[in-house]
Amino acid sequence: MSELYSTAHSAITDPSLHAWGPEIPVYLFLGGFTAGIMVLSGWALWQGRRNQRAHATFSLASSGLFTLGLGAISLGMLALFLDLSHKAYVWRLYLTMKPWSPMSWGAWILLLVYPVLLAGVLLDPPRWLLRFAPALDALWRRLADDGRVRRSTGFVSITTGVALGIYTGILLSALGARPLWSSALLGPLFLVSGLSTSAAFAHWASPEPAEREQMAWLDNLFLTIELGLLGSLLIGLLSSTEAHAEAARLLLGGPYTAVFWVGVVGLGILLPLVIQSLAVTGRVAHTPIAPVLVILGGLALRFVIVYAGQYSHWPRV
Amino acid sequence: MARLGMAIDTRKCVGCMDCVVACKTENDVPEGFNRDWIRYEYQGEWPTLRLEIRSERCNHCDEPPCVSCCPTGASHVHPFGAVVLVDKDECIGCKACVASCPYDARFIHPDGYADKCTFCIHRVEQGLQPACVAVCPTRCMYFGDLDDAHSEVSRLLASRKHHSLLPGAGTEPRIFYLE
Chain A
854 MSELYSTAHS AITDPSLHAW GPEIPVYLFL GGFTAGIMVL SGWALWQGRR NQRAHATFSL
914 ASSGLFTLGL GAISLGMLAL FLDLSHKAYV WRLYLTMKPW SPMSWGAWIL LLVYPVLLAG
974 VLLDPPRWLL RFAPALDALW RRLADDGRVR RSTGFVSITT GVALGIYTGI LLSALGARPL
1034 WSSALLGPLF LVSGLSTSAA FAHWASPEPA EREQMAWLDN LFLTIELGLL GSLLIGLLSS
1094 TEAHAEAARL LLGGPYTAVF WVGVVGLGIL LPLVIQSLAV TGRVAHTPIA PVLVILGGLA
1154 LRFVIVYAGQ YSHWPRV
Chain B
32 MARLGMAIDT RKCVGCMDCV VACKTENDVP EGFNRDWIRY EYQGEWPTLR LEIRSERCNH
92 CDEPPCVSCC PTGASHVHPF GAVVLVDKDE CIGCKACVAS CPYDARFIHP DGYADKCTFC
152 IHRVEQGLQP ACVAVCPTRC MYFGDLDDAH SEVSRLLASR KHHSLLPGAG TEPRIFYLE
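Protein chains in written order, with my numbering: chain A, 854 to 1170; chain B, 32 to 210.
Don't take every hint at face value.
What the hints assert, rightly or not - For each label pair, taking beta carbons as the anchor points, the in silico distance ranges come out as:
#1 A:T860 x B:R191: 24 to 30 Å
#2 B:Q157 x A:S1085: 50 to 56 Å
#3 B:D59 x A:H871: 21 to 27 Å
#4 A:G1107 x B:E76: 22 to 28 Å
#5 B:E183 x A:T1110: 34 to 40 Å
#6 B:D179 x A:L931: 31 to 37 Å
Claimed, not checked - Under the rule of at most 27 Å between Cα atoms (straight-line distance), these lysine-lysine pairs were calculated in the DSS-like manner:
#7 B:K119 x A:K951
#8 B:K192 x B:K43
#9 A:K940 x B:K55
#10 B:K43 x B:K55
#11 B:K119 x B:K55
#12 B:K119 x A:K940
#13 A:K951 x A:K940
Keep in mind the hints are simulated off the structure, nothing from the lab.
Heads up, the beta-carbon is just placed ideally off N, CA and C, and yes, glycines get one too.
Isolated chain A, as found in the complex:
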């Protein structure tokens, strides 16, 4: 028998840690989604693809996705800001660079993300922007016709997107006090999940039928990799110390089991994988059902990992 009685009384850590509320999973989701957009649209620019329409769309090479990325990351940063408890001091992030702090890296990566997304928008400026600033039209034509500019922008977009996507996972995995997060797989997992949600969105919203087909196929690949990473994460935790195995059991019979297996794995990965597999083989039509499920599943993944991770702890006795 082992019992522990404590007089400790702190609203944030007792009886279990709940330092972070919904703002952080929302931020991690939107960060991953933006990272996915940067990688996929960067890839399209690298390949030399052009927007085939006269107006901005949600096709990969158009400014629509980059603009959406700007909105998503801004919303994510707003959520992050709302979570801070000493808001007036947020500028302190940009007075230093702490190489061992993933959050410090993240702050600087987020600063890089904006000009890259903006460059993506300027390679295919939306009409309203041209009306607002007609001088951009000439600039756009010059830049858009320059293959080197498109390829360079694509390359920078891909690398910045990968850094952003991986960072959202490493942010948690660097906090070894929470055994569920103590895995190097969280970085790749959140990156692949971000790629999956953005591919799902492009599958849903792209006006180009060939691109939608390609995105559905690619999303199936990402979902399969994500499933493998989730399995590896659980196996790694179960074969580690008792604290880590206990953390894995939060998702394997513990309080987060239902939302993980039904919300994340069942509805967020397996069901859309089946639907999209049928769609790419021409047996059912492409519908928004699978993409919406993938996007909600990506959000649920962040919620489960953040909340269950805070619940997990080293044994106190």
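Using the hints, position chain B against chain A.
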């Protein structure tokens, strides 16, 4: 540089919580929060039960995860005694340090910054003992330089069986419990 640490004799500690009250008074710790606390750990089966009473606080680790994860440098190792401190004017309240501490020793002060035990550095710099050590009625707490082989705390650790908390977490805590 000194490396300040603490040895607490669990055979003498009676869990009176004088250390808790002294800390709250000395450091003006707000209501509803603690920089130190008492844990009672029962182990074994009746009738061979064992009770260990521990006065716990920030372990001022040699490998402090709260310092390495802090994005602004607000959590830092102070040159005096290698004490782990928080500069409230640099803290943004991101709570990464709270999540990184396996001992759950930190909390968010109502004013927004991360807060925790400071080993009463304002007293120690004046040659005084931390408030918790100074008030302990059973004299179960010993405070001093772990790098000085002649300090009372070093001599006790050299001669008495002891343990630290969660050694597997890899943080190298500097508070030891004498058995």
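Against the structure, the hints:
1. A:T860 x B:R191: 24 to 30 Å: The hinted range 24 to 30 Å holds for A:T860 and B:R191, with Cβ atoms some 25 Å apart.
2. B:Q157 x A:S1085: 50 to 56 Å: 54 Å, holds
3. B:D59 x A:H871: 21 to 27 Å: 25 Å, holds
4. A:G1107 x B:E76: 22 to 28 Å: Holds: the Cβ-Cβ distance is about 27 Å, inside 22 to 28 Å.
5. B:E183 x A:T1110: 34 to 40 Å: At 51 Å between Cβs, range violated.
6. B:D179 x A:L931: 31 to 37 Å: 51 Å, violated
7. B:K119 x A:K951: With Cα atoms ~17 Å apart, B:K119 and A:K951 stay inside 27 Å; holds.
8. B:K192 x B:K43: 14 Å, holds
9. A:K940 x B:K55: 26 Å, holds
10. B:K43 x B:K55: Status holds; Cα separation ~22 Å.
11. B:K119 x B:K55: 18 Å, holds
12. B:K119 x A:K940: 12 Å, holds
13. A:K951 x A:K940: This hinted pair holds, its Cα atoms lying about 19 Å apart.
In summary, the structure is inconsistent with hints 5 and 6 from the numbered list given earlier, while agreeing with the others.
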